[in-house]
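Protein chains in written order, with our numbering: chain A, 1 to 477; chain B, 478 to 572; chain C, 573 to 1054.
None of these hints come from the bench; they were simulated from the model.
On a predicted model such as this, the values are computed, not experimentally measured, just so you know.
Keep in mind that the hints are not guaranteed to be accurate.
[As the list claims (entries may be wrong)] Cut-off 20 Å, straight-line C-alpha distance, at most; resulting in silico cross-link-like pairs (SDA-like, lysine to any residue):
1. A/K53 - B/D542
2. B/K569 - A/D133
3. C/K584 - C/A633
4. B/K569 - A/M260
5. B/K569 - C/V910
6. A/K26 - C/A805
[Unchecked claim] A few chain C residues that don't get close to chain B, going by computed Cβ distances all over 12 Å:
7. Q799
8. G828
9. M838
10. T976
Ideal placement from N, C-alpha and C gives every residue a C-beta, glycine not left out.
Spelled out, the chains give:
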Amino acid sequence: MNYETVIGLEVHAELKTNTKIYCGCKNEFGGEPNTHTCPICTGMPGTLPVLNKRVVDFAIKAGLAMNCTITKYGKQDRKNYFYPDLPKAYQISQFDLPLCQNGYIDILVDGETRRIGITRIHIEEDAGKLVHDDYANCSIADYNRCGVPLIEIVSEPDLRSPEEARVFLETLKSILEYTEVSDCKMQEGSLRCDVNVSLRPFGQKEFGTRCEMKNINSFRAAVRSMEYEQKRQAEVLSAGGVIVQETRSWDDVKGTSVVMRTKEDAQDYRYFPEPDLLPIVVSDEWVEEIKKTIPELPEQRRSRYVNDYGLPEYDAFLLTSSKKTADFFDETVNLGAAPKTVSNWLMGDIAKVLNDRELEAGDIPFSPAQLKSLIALIEKGTISNSAAKKVLNEMFNSSEEPEKIVEQLGLSQVSDEGALMAMVQEVMAQNPQSIVDYKAGKDRALGFLMGQVMRVSKGKANPQVISQMLKEALDKA
Amino acid sequence: MKISKEEVLHVAKLARLKLSDSEAEALSADMESIIGFANKLNELDTEGVVPTAHAIPMSNAFREDVVKPSYDRDAMLANAPSAEDGGYTVPKVVE
Amino acid sequence: MHTLTAHEIRDKIKNKEMSSKEITKAFLDRIEKVEDKVESYVTILPEEAMKAAETVDEKIAKGESVGALAGVPMALKDNLCTKDILTTCSSKMLHNFRPPYDCTVAQKLKDADTVLLGKLNMDEFAMGSSTENSFFKKTKNPYDITKVPGGSSGGSAACVAADEAAFTLGSDTGGSIRQPASLCGCVGLKPTYGTVSRFGLVAFASSLDQIGPLAKDVTDCALVYDQIVGYDAMDSTSVNRKYASFEKALTGDVCGLKIGVPAEYMGEGISEPVQKAILAALDSFKALGAEYEDMHLPLNEYALPAYYMISSAEASSNLARFDGVKYGFRAEKFDDLVDLYAQTRSEGFGAEVKRRIMIGTYALSSGYYDAYYKKAQQVRTMIMQDFDKAFEKYDVLVTPATPTTAFGIGEKTDDPLQMYMADICTVSVNIAGLPAVVLPCGYDANGLPVGLQIIGKPFGEAAILNAAYALEKNISKVRPTL
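Here chain A stands alone, though its shape is the one from the complex (with noise of 0.2 Å):
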């Protein structure tokens, strides 16, 4: 029996405020612990929370940039449960009037745009961090996250595979980019996502049972989580047997999911509208002024890349996953440079160096006009491009200019066609055996003659003119 899967994402994001939600501790990762609190993010008895307005800003940015409509009469509630990062034993979130609802977001797999529905985003709190001590048998709070505001965005269960999962969160991961309200670091935090996956029979309407995974730190172990858990669901079916409702934790260093509670241990959060907060009410007045705040989104950029520039779908997808890649893209094209050369540079030899070098897409340490210079060099044929590349290296490491660069490593080729031509017509006269092969159809001869006026050249003969003018002087003798 084939099993479809069905998946739902939630996905929190930390939001790039200047200051935690409720308090003006600074919103700042990493620090000495216990040192960005305050008797209210610590919640000490008597304090009181007041409403940063920009993480409302920028929630309802993130709500019109995935198509939400946003509620105009939200509140806030709080959520109760005991656990020690929680210092106020609830947290306060937002139950059944989010900031923001019934949204989507396009993404493209093979070649197929699917929509991927968004049922809300709502505001809250972030809860602090335990470190566990084994040495002294203890856990040691620190509430520095405390207060932190995150959005939380939950997607319809409208996946239907890890991959599509992976796209999906890439897609939001560049629309949170580009609307600037995370900084969507997997590694530090600020973006988290838990999965919830089920198996229904192809056809059948009902979902199945869902189980929910938490615990996952990066887009890789989201994959692997939900291709473990496809895995075991279906395997628990094929031998006749049921799935239970539980919440999983991910062990991405063993690739297994462990039981963390199952639906009777299942949390009772008595939420009830928090007291403390006023209702939040959204004018369209304040919407339209959000609107105003946000960028050309991915999604319109791929398609200007694809109409204006001819750009295939798949170059502008890889180009708009990461703002600052499509922004540099943007910027070297508006100086000049020719789009499709601009693409294939920043997707594939400035990828392949940044990857190796374990930099961010888009990090790039030299500047668009220093891009255009070197695509510019190259068009002149003042260096080939197997030098190029060696110059984009150096690039990478020094902030000179690329001409620079080429007279320090000595990498001009020569271009100049009188010289060329003398090259070619030495190497000629010196192998006149070759020219006998060519004409009796041997092509190698050709590569060898090639190889032959390089070395003349030390290396720096144009190959492409010196390839054309030996097949004219060819043909013609």
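Following the hints, position chains B and C against chain A.
The following block gives chains B and C in isolation, referenced to the frame of chain A:
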């Protein structure tokens, strides 16, 4: 109305309260009487009535996204019953 | 000296007839003399108080500008956070808690250059109507030390009645300022919800709590309110509004004032001496040119059950933070984390607090939310509409503050529901967020004070204080003999 001892113990668990048997029994009786008293509210037809969460109708209390100095860690930890390495310590949490 | 009112002290200090050190010493001496009998203080601060008094005196001597209540000694209920000073809420749970911050009202009174004499006893976490739920001690009613002072601001009321401070601050969630003020024969004001900042008040029921003054007369009440009222950006539920001086608005003119007397507050359950005193007071009002009339608040009987659902639910959540991790009491023996919580909370909280937490948790729990919490909030809307209708016709409403005069210590501690009934005259006011002032209007055969409550429209403090001011002149105040 009846509130069973099991319900009392379940509520106590939610509230992280430890009750002796006699306490649980006494609370069961108290809760029955007080919640029973609250059942009086059912005499009123509240169909379509909007619940009041705030006595004075207001909305949109915000603050600007401006940093305020955080409190000195020592001042914050001064009241902690158990602190170590700059943090609040608890028995090891099994996750 | 200790019998002077706050406004007398203020004026004498301003006129340099008296120094703050003199009057502060007088109160400290008084405390030493009667505190064994009254037991209204949890923490007394003699050195700090004398030092603060000295600072004020110096400033005045140098001709520097000083605050509006410069040099006036006062005390605060122990659920108001005072920086680096023990703030216990009369609970074992916070027996050693020193907040690193002041509540907003404490800061305002500091800005007014008052002198803090100490922190006052209360029912644990403000839950109770007799101050018998305090972990530390039972405060006595200065009029009869075998009787309760009321609660939960019993210490605040007894302190004023015993002349152990010029004025005090208390908090009122279901009557906790007004009921003790009534039983102890002092003036107490519960302001409109949102007019006084709750920042730094240890929360009991967030949508009901308000801080207010307890004082010797209405003028004192008004002048203290002048200092603590106002918008606070640290409290999202704080109303952004400007206020004219309430002290200056006291004229005593109540000509044409339309008084409603809800029949539901004058029925059975209200003791005979109380009814008598209220009726006499109403006649005084009439003689002063006001008119009164019987009327109805038909939903009144639902206020108490709604109050207990709402307040317990909010309290159960507000008190969840007390777990032995960040501050306060921590159990010594526990097996693991869950046990740390359970053991700490079971040892740290008293019986009444545990009872309310249990009720509140139940009311919010899965399956019961709609039937209890949501239902109570809906009834709340209806009760507010009841009052709105009443205020279309009347300017103020007059009721007894408590059904009886002070009851005996230990008399009502066996039946929680019986104790809750002590609040029947006061809770609906918190439910509706309205202002209400209580003042003594007479004494029963045993000399115990009877309190009269005047309820006003939202932001109607000026009207109710003025009505109280007018009535006060007709009442011969009797001091307790200690």
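Exercise for review: Would you pick out the hints that fail for this structure and give their numbers low to high?
Suggested key: Violated: none.
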